[in-house]
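Take 24 as the starting number for the sequence shown in this note's numbering and just add one per residue.
Because the hints were derived from the structure by calculation, they are not lab data. Among the hints, erroneous ones may be present.
What the hints assert, rightly or not - Derived lysine-lysine pairs resembling DSSO-like cross-links, with alpha carbons at most 30 Å apart:
{"hint": "1", "residue 1": "K155", "residue 2": "K113"}
{"hint": "2", "residue 1": "K113", "residue 2": "K93"}
{"hint": "3", "residue 1": "K335", "residue 2": "K348"}
{"hint": "4", "residue 1": "K155", "residue 2": "K93"}
{"hint": "5", "residue 1": "K353", "residue 2": "K335"}
{"hint": "6", "residue 1": "K93", "residue 2": "K42"}
{"hint": "7", "residue 1": "K348", "residue 2": "K334"}
{"hint": "8", "residue 1": "K335", "residue 2": "K113"}
{"hint": "9", "residue 1": "K334", "residue 2": "K353"}
{"hint": "10", "residue 1": "K348", "residue 2": "K155"}
{"hint": "11", "residue 1": "K69", "residue 2": "K42"}
{"hint": "12", "residue 1": "K353", "residue 2": "K155"}
{"hint": "13", "residue 1": "K353", "residue 2": "K93"}
{"hint": "14", "residue 1": "K348", "residue 2": "K42"}
{"hint": "15", "residue 1": "K69", "residue 2": "K155"}
{"hint": "16", "residue 1": "K42", "residue 2": "K113"}
Said to hold, decoys possible - Here are the simulated distance ranges between beta carbons:
{"hint": "17", "residue 1": "C68", "residue 2": "E33", "range": "17 to 27 Å"}
{"hint": "18", "residue 1": "R346", "residue 2": "E76", "range": "29 to 39 Å"}
{"hint": "19", "residue 1": "S50", "residue 2": "L290", "range": "18 to 28 Å"}
{"hint": "20", "residue 1": "E297", "residue 2": "K69", "range": "18 to 28 Å"}
For every residue, glycine included, the Cβ atom is placed at its ideal position computed from N, Cα and C.
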Amino acid sequence: MIDMHVHLEEGPYSLDWLKRTAEAMLSFASPESPGLSRAWLGEVCKMLQQRTESETYSADWLGLYLQRAKQLGLQEVGIVEHLYRFRSYKSYYTQHLHLAEDPLGSLQRQWLDHTCIVPSLDDYVSFILEQKQRWAAEGICLKVGIELDYWPGCETVLSPIVMDYPWDFTMGAVHFLRGWRFAEPVNKSPFREIDITPLYAEMFHLLEQAISSGLFDLIAHPDHLKVLGNRPTETALLPYYQRIARLLRQFDVATEINTRLFYRSALSEMSPSECFLGILAQHQVPITTSSDAHYSDEIGQDLLTARQMLKKVGYRELVSFDRRKRRCMKIEAASTQEHFRSDLCQG
Numbered sequence: 024m025i026d027m028h029v030h031l032e033e034g035p036y037s038l039d040w041l042k043r044t045a046e047a048m049l050s051f052a053s054p055e056s057p058g059l060s061r062a063w064l065g066e067v068c069k070m071l072q073q074r075t076e077s078e079t080y081s082a083d084w085l086g087l088y089l090q091r092a093k094q095l096g097l098q099e100v101g102i103v104e105h106l107y108r109f110r111s112y113k114s115y116y117t118q119h120l121h122l123a124e125d126p127l128g129s130l131q132r133q134w135l136d137h138t139c140i141v142p143s144l145d146d147y148v149s150f151i152l153e154q155k156q157r158w159a160a161e162g163i164c165l166k167v168g169i170e171l172d173y174w175p176g177c178e179t180v181l182s183p184i185v186m187d188y189p190w191d192f193t194m195g196a197v198h199f200l201r202g203w204r205f206a207e208p209v210n211k212s213p214f215r216e217i218d219i220t221p222l223y224a225e226m227f228h229l230l231e232q233a234i235s236s237g238l239f240d241l242i243a244h245p246d247h248l249k250v251l252g253n254r255p256t257e258t259a260l261l262p263y264y265q266r267i268a269r270l271l272r273q274f275d276v277a278t279e280i281n282t283r284l285f286y287r288s289a290l291s292e293m294s295p296s297e298c299f300l301g302i303l304a305q306h307q308v309p310i311t312t313s314s315d316a317h318y319s320d321e322i323g324q325d326l327l328t329a330r331q332m333l334k335k336v337g338y339r340e341l342v343s344f345d346r347r348k349r350r351c352m353k354i355e356a357a358s359t360q361e362h363f364r365s366d367l368c369q370g
């Protein structure tokens with residue numbers, strides 16, 4: 024199996040983050056003391072202290088991902104970081120986000136200040152490259168990627184990032200509309216006060232521009248706006264699905280079936296939806312499988328279900344990436360040790 028969209032860590036560093044980090048660590052190692060005792064809690068606190076005092080990119084923390092990947096029989100894992108994690112690109116986001124002196128602006132400034140903490144993109148890339156051999160020794164190919172937010176005219180910022188690093192793949196995404204980070208629960212209220220249909224038109228228009236930009240090998244969660252919980256009917260969205268599918272095929276850009284909303288939201292639906300996925304299959308758009316994990320206990324989550332859905336709508340192959348070259352494998356072989364075809368899956 025392939026999990027081509029995995030994050031190592033993301034702020035803001037709240038009590039919720041602490042709780043999820045503890046849950047992830049406890050899924051791999053149980054304290055010796057009886058559960059729910061003060062001694063047990065003390066051991067959990069020590070585990071969390073070690074994590075919070077370690078570097079953002081920690082071999083021990085990544086080792087938990089490796090452990091779970093081995094348990095699940097994953098063959099390839101793609102690690103990606105959001106560009107907004109890196110201090111040197113904070114200005115890219117301050118240019119585009121709503122950061123005014125109002126409640127929403129205050130929330131978004133706080134989020135950006137507490138999430139954009141990694142000193143250098145170089146730190147991330149060098150860490151993953153160093154860890155590749157460790158994973159290879161366990162029979163798993165570790166890939167390094169970057170998830171880049173697209174805005175019109177962003178090429179001058181993003182092109183050097185795409186060109187100057189040894190990425191296995193570059194991933195384009197839309198997480199922001201009208202300056203709002205729509206996936207954040209505390210930011211959703213402004214969207215409940217307006218007609219959602221124009222927002223979908225705006226999101227898909229941005230995706231169209233991202234696809235045709237030439238920057239990306241892969242487009243992430245192409246109907247991510249549904250995280251808001253309210254959306255137009257699938258019938259109303261069909262023209263957008265068709266246009267996105269045609270453009271992905273025309274520009275030879277892949278996408279993913281992303282399971283995160285299936286296992287971490289009330290929607291219980293993957294991205295793209297089954298209807299959208301069927302249209303992508305009709306247009307023979309290359310696709311890969313992704314958990315969009317943000318913690319080590321989420322890697323590989325529901326990928327078997329994703330594969331079943333892919334086969335249901337007509338897909339027979341998955342894609343992976345190596346130094347930005349795309350490769351194919353049969354879905355039936357995705358749970359075996361069968362190697363990828365050596366030929367590139369271009370057009």
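Non-conforming hints, listed in increasing numerical order: 2, 8, 14, 20
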